Amino acid sequence: MAKLEKSFESGLHTEQLSGRTQQIFFSPEEGENYFYPYNGYEVDLNKKAEFDAKDMEIQEINLKIRDLMKEGHGHIVMQNPMAKHSLVVGILNRLRLDIEGSLGYFGCGLIDGPNIRISGRVGWSFAENMMAGTIVVEKNAGSTFGAAIRGGDLVCKGDVGSRTGIDMKGGTIIVGGRTGTLSGFMMQRGRMIVLGDAGPNLGDSMYDGTIYVGGKINTLGVDAVPGEMTDLEAAWIESKLGLYGLKAPNGAKNLQKIVAGKQLWNYDNLEPTEKKIVL
Amino acid sequence: MCGIAGIIRRGDPGNIGSEMTSMLRSLKHRGPDSTGFAMYGVPEKNHYVMRFKVAEQEDLSKGFDIHQQIKDRRALVNSRLDEMGVEVKNEAEATEYAFRYTFRFDGDMRRTADYLEDIEGVEIMSLGKGLELIKDLGDADVVSDQYRLGNFSGSHAIGHTRMATESDVDIRSAHPYWAYPFNDVAVVHNGQLTNYWNWRRTLVHRGHRFMSNCDSELIAVYLADKMDRGYELEDAMHDSLEELDGVFTYVVATSDRLGMAKDYMAAKPMVLYESEDFVALASEEVAIRSIFPHEIDTFDPYEGEVRVWQS
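Chains as they are written, first to last, in this note's numbering: chain R, 1 to 279; chain F, 280 to 590.
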C-alpha cells in the first residue's frame, strides 16, 4: 500500500492509460504483473527460436514472428534485418525478442507487451503508438522516435533525430545521447529523459508530461517552461535509468526539468491572437 | 517524396556505377518516375566529358518524323562543335537521343554550351572534367542498364529516385541537376523550396539560365553562383540554410567533394555512414545496407547541419 501511495505521489497514476496490458503490467499491486490475459499466444519465455531475416520479405518476417509465437516460442532471436522497414509491427503479446542488426522506418509500431532489444540502429518513426512493454536500442535512432507512444519504456542508448516523442501520450522515453529539434512537440502525457543535449524548440506546445535533460538545451519551445525537480522524481529517474544500465551525467537531481506552462491552448478563454500577445 | 543518395571513396576509385545503382534500387519505393546519376569518373588530362540529349524519351512515340529530327539535331551539334573549335575525341551513343562526347577545348565554354543549347531539343546534361550526369525515365535498373553504368569507375557519385510532385515526369525535371555552365557541380534534393521564384529571379538577373521549373535546379545554380563568387562549398551551403526557405535535405557534388545539408526543420530524412575510406549517405539506411551487408554504425545528421567530404 505504501508503494501505491508513493506511486500516486510521484504522479505515476494521474495518467489515463489505454494500452490493453498497461494497467496489468504496471499495477503497483504486482500480483498479475507478468500475466498477459487478453487472447495472446501462450508462449514459454524459455522456449527459444532463431531465424535469419536477410533474404526474407517484410511481410514474411512479420508472419514468421507470429508463427513462432503461435508455436509457443517466448524468446525469438532475429538476425540480419538489414534495415528493412515496418518490421515487428503490432506484436500484442508477451515476448522476448532480440534483434541482431538494424531496423528501417516504422519498426516496432503499435506493440503492446513485448520486451525487445535491438543491437543496431533504428530508422524514422520507431515504436510509433507503442502501448506497453520495453524496447532498448543499443545504437542510434532516427527522427520521430516514439511518436505518440502511450506506455512502456522506450530506450535509445545513442543519439536520436528530431521530433522525439512528438504527440507522446504516456510511457517513458529515455535517450542516452542527444535529441534533435522539436522533441516533445505537443506532448500530452508521460516522461522523456534525455541525458545529452536537446535541440531547438524543446517541448514546443506541450500540453502536459515532463521532459528531463542532462545536457544543454538549445532553446525551449513555445509554452515549455522549467519545472522544479523533487527528490522523489530524482529517485524514480535513477531507478528507471538503472534498469537499462544508464546514469544521468551529474546525477538525476541535476537534470533540467521542463514542463508545460499551460498558457497556450485551451487553458484560458483568450482568443488565439490574444494568446500570442500574452506569450 | 524522392530518394537521394551519395557515396565518396576517400582512396582509390572503384565501381561507383554498380554501388549507386544498388543504392537507388533500394530507394525505388520513394519515387518510381525517373532515376538519375551524377558520376565522377577518373578525369583524363585536358579532356572534357559532355553528356547531352537531343530529344525527350516520350518524343520518340509522339514526335512527327522524330528519328530523322534526332539525326539532324545531332549533326547540327557536331557542326557547331567544329565551328567553335572543339576537338572531339570520342562520340558514344547512350540511347537514340542521348550521347556522350569527350573532347579537348581551350575556348569559351559558356558560349559553346549556349550555342549548342540554341538547337531545338538539345540540352546539355553535364559538362566537366569528371562529371557525367545520366538521367532518364524508369527505375535504377532500367536507367543503369540503358546507359551501361554497371562498371562505371570513379571516386564519387550522387543519385536520385524521383516522385514528381511539382513538375512534369520527363528527363528535364529529373534529378540530378548540373549547375549550368559550371564544370562538375551537381545536386540532388528531397524537399520543397518555398522562395524558389524570388531566388530564380535574382539568379536570372545575374545571368544564369534555368532549364526546368524544378526547385532542385535552383540549389545547384545557387551554390555554383556562390562558388563562382569566391565562396568555399561549405560556406555556400551554410548560407543556403539561411537564404533558402522550405523543408529540404540536399546532396551536392563537385569535382573532388561531396556535401550534404539539412534545413532547420529537419523534416526530410538522411542517414550517414562514415569510415576512413568510404562515406555513404541516403534517405534511408536500407540503401546503405545494400552495399554494406555487414554490421555498420549509421547516424542521422541534425537540423541545420552541413557536412563536406573530400575524395
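No lab work stands behind these hints, which were simulated from the structure alone. Quick caveat: nothing in here was measured; it's all calculated off a predicted structure. Incorrect hints may appear among the rest.
[Claimed, not checked] Below 27 Å or equal to it, Euclidean Cα-Cα: the simulated DSSO-like pairs (lysine-lysine) are:
1. F/K307 / R/K54
2. F/K368 / F/K505
3. R/K64 / R/K47
4. R/K216 / R/K157
5. F/K324 / R/K64
The hints, checked one at a time:
Restraint check for F/K307 and R/K54: the C-alpha separation of about 19 Å stays at or below 27 Å, so the hint holds. Restraint check for F/K368 and F/K505: the C-alpha separation of about 32 Å exceeds 27 Å, so the hint is violated. For a cut-off of 27 Å, the pair hint linking R/K64 to R/K47 stands: about 15 Å separates their Cα positions. For the given pair, R/K216 sits about 18 Å from R/K157 by alpha-carbon distance, which is consistent with the 27 Å threshold.
Proposed proximity of F/K324 and R/K64 is contradicted: the alpha carbons are some 56 Å apart, above 27 Å.
Violated hints, listed in ascending order, are 2, 5; each of the other numbered hints is respected by the structure.
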